[in-house]
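Counting from -7, one number per residue, gives the positions in the sequence shown under the numbering used here.
Because the hints were derived from the structure by calculation, they are not lab data.
Be aware that a few hints might be false.
[As the list claims (entries may be wrong)] For lysine-lysine, the following DSSO-like pairs were computed, each having C-alpha atoms within a straight-line distance of at most 27 angstroms:
1) K133 with K265
2) K93 with K0
3) K133 with K91
4) K114 with K91
5) K0 with K309
6) K93 with K121
7) K109 with K93
8) K114 with K66
9) K265 with K91
10) K114 with K93
11) K219 with K0
12) K91 with K116
13) K217 with K207
14) K207 with K219
15) K121 with K0
16) K265 with K284
17) K116 with K93
18) K121 with K109
19) K265 with K219
20) K91 with K121
21) K133 with K109
22) K66 with K93
23) K114 with K133
24) K314 with K284
25) K284 with K309
26) K0 with K314
27) K66 with K91
28) K66 with K133
29) K219 with K93
30) K0 with K207
31) K109 with K91
32) K66 with K109
33) K121 with K133
34) K265 with K217
35) K217 with K91
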Amino acid sequence: MWQGLNDKFRKHLTAVTQKTRPSWPLMRDALFEANSRFVEEQRLAPVVSIESVAAAAAVRSKDKFSVSCALCSKDQSVNASHHFSRCPRYPDVESKVTKLKLVSGCLKCGYTNHTTKACSFKFKRNCFKCNGPHMTFLCQKDSKAVGGAKPTGNDKSNVKSTVSNIVSTVSMATDSYNDVILPTATVHFPGVGETPVRVFKDIGSQSSFVKGSPKTIPNCTIVRKVKVNVKGINSVKTFNAPVVRFPVEVPGQGVQQISAICVPTLNTEVSAKGLVNLSILFRENGFVLSDKNLTSDHINDVTILLGSDQCHLFPLKQHNYKVGDNAFSVIYETPAGLMLSGSVSNYVSNMSAVPTHLRGEI
């Protein structure tokens, strides 16, 4: 089943389960979340150039895909250039629903030009969570079930939600599941040497996270405190966490400030057979990778998870390419170098078709 899945969908399954070798029970429980991310990525993805050996000229992609949040569009002087489902001003279901009620919007499709009763939107499929006739990001099932996550009258902290799988896993006894690399890069903390710090760019996460505490993150300042709800498949865990702001040196972009939620651990792991040899192959062919520290097939040292709230870091320009009848490989051009995401074996098979103009000068 795994090999028959689309590469991009496999990437999201890997990100949601945080395993490159997920068992079938893990895959089954993560399918809805992975599909939501996949659909959202397709909605937000820019028009990209398709480049292959047979192509004589590259087709220019659009610089930006224009989106506008229906809720923020109602608030004057507020930036509305983001998708409704990932709105930073109305981040959770409760705040979205409250705002929609205030503007007499629709609680089914999310549009603000008609009421729920007058909705005539034709849904291709019902909500992934409750099978009701509404958008998944407007589903109130979870918000009603998790009553303990709401702040009390004396608690002025914001409430953030993120997704993590708190389950035991059983690894599959086959290497066919061991082939997917997630998009990573390396940065440095300014003024504390050249030790690389690994970053995972997760476009499916709304918020950004950093592993550690304010005492261990160099030159950081505490911005505020939040309550974080970690939702597992069988449990919900709430803990207080500081949001910190700190500088990092990003290759090609200089010193940048990051705002992220401090968490004690980031469980993102990658075990991609042949990853080291692939990184050597790219370098030998004159390409610069965004992750300068691919020295092992196993990655378990992610320090920073960059969500959509930090999308200005490592801006992506997507290139698709292939050799003959092979499946397409996808590579992302960033100011720091090329970012890999997908099947390692596919990258190797399509190496001769990597667009030559991407050879690095970084």
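Do the hints match the structure? See the list:
Annotation: proposed proximity of K133 to K265 is violated, straight-line Cα distance about 40 angstroms (limit 27 angstroms). Straight-line distance between C-alpha atoms of K93 and K0 comes to about 36 angstroms, which puts the hinted pair past the 27 angstroms bound. Restraint check for K133 and K91: satisfied, since their Cα atoms lie roughly 18 angstroms apart, inside the 27 angstroms limit. At roughly 23 angstroms between alpha-carbon atoms, K114 and K91 fall within 27 angstroms of each other, so this suggested pair holds.
Note on K0 and K309: the hinted pairing holds, with a Cα-Cα distance of about 16 angstroms set against a maximum of 27 angstroms. With a C-alpha separation of about 22 angstroms, the suggested pairing of K93 with K121 holds against the 27 angstroms cut-off. Restraint check: the Cα-Cα separation between K109 and K93 comes to about 12 angstroms, which is no more than 27 angstroms; the hinted pair holds. At roughly 24 angstroms between alpha-carbon atoms, K114 and K66 fall within 27 angstroms of each other, so this suggested pair holds.
Restraint check: the Cα-Cα separation between K265 and K91 comes to about 48 angstroms, which exceeds 27 angstroms; the hinted pair is violated. For the suggested pair K114 and K93, the alpha carbons sit about 21 angstroms apart, so the restraint of at most 27 angstroms is met. Taking the CA atoms of K219 and K0, the gap is about 32 angstroms. The hint is violated against a cut of 27 angstroms. Between K91 and K116 the CA atoms are separated by roughly 25 angstroms; this keeps the pair inside 27 angstroms, and the hint holds.
A C-alpha spacing of about 15 angstroms is found between K217 and K207, which places the hinted pair at or below 27 angstroms, so the restraint holds. Of the pairs offered as hints, the one joining K207 and K219 holds, with about 19 angstroms between alpha carbons and a cut-off of 27 angstroms not exceeded. Of the pairs offered as hints, the one joining K121 and K0 holds, with about 22 angstroms between alpha carbons and a cut-off of 27 angstroms not exceeded. Between K265 and K284 the CA atoms are separated by roughly 18 angstroms; this keeps the pair inside 27 angstroms, and the hint holds.
With a CA separation close to 24 angstroms, the supplied pair K116 and K93 stays within the 27 angstroms bound. For the hint linking K121 to K109, the alpha-carbon distance of about 22 angstroms falls within 27 angstroms, and the restraint holds. Our distance criterion of 27 angstroms between C-alpha atoms is broken by K265 and K219, whose separation comes to about 38 angstroms. For the given pair, K91 sits about 22 angstroms from K121 by alpha-carbon distance, which is consistent with the 27 angstroms threshold.
For the hint pairing K133 with K109, the CA-to-CA distance comes to about 20 angstroms; that is within 27 angstroms, so the pair holds. Of the pairs offered as hints, the one joining K66 and K93 holds, with about 12 angstroms between alpha carbons and a cut-off of 27 angstroms not exceeded. Restraint check: the Cα-Cα separation between K114 and K133 comes to about 21 angstroms, which is no more than 27 angstroms; the hinted pair holds. A C-alpha spacing of about 24 angstroms is found between K314 and K284, which places the hinted pair at or below 27 angstroms, so the restraint holds.
For the hint linking K284 to K309, the alpha-carbon distance of about 19 angstroms falls within 27 angstroms, and the restraint holds. Restraint check for K0 and K314: satisfied, since their Cα atoms lie roughly 15 angstroms apart, inside the 27 angstroms limit. For the suggested pair K66 and K91, the alpha carbons sit about 10 angstroms apart, so the restraint of at most 27 angstroms is met. Distance restraint check for K66 and K133: the Cα-Cα separation of roughly 26 angstroms lies within the 27 angstroms cut-off, and the hinted pair is therefore satisfied.
Our distance criterion of 27 angstroms between C-alpha atoms is met by K219 and K93, whose separation comes to about 25 angstroms. The hinted pair formed by K0 and K207 fails the criterion: a straight-line CA distance of about 37 angstroms is larger than 27 angstroms. At most 27 angstroms may separate the alpha-carbon atoms for a hinted pair to count; K109 and K91 meet this at roughly 17 angstroms. Note on K66 and K109: the hinted pairing holds, with a Cα-Cα distance of about 20 angstroms set against a maximum of 27 angstroms.
Annotation: proposed proximity of K121 to K133 holds, straight-line Cα distance about 8 angstroms (limit 27 angstroms). Proposed proximity of K265 and K217 is contradicted: the alpha carbons are some 40 angstroms apart, above 27 angstroms. Restraint check for K217 and K91: the C-alpha separation of about 24 angstroms stays at or below 27 angstroms, so the hint holds.
Of the numbered hints listed earlier, those contradicted by the structure are 1, 2, 9, 11, 19, 30, 34.
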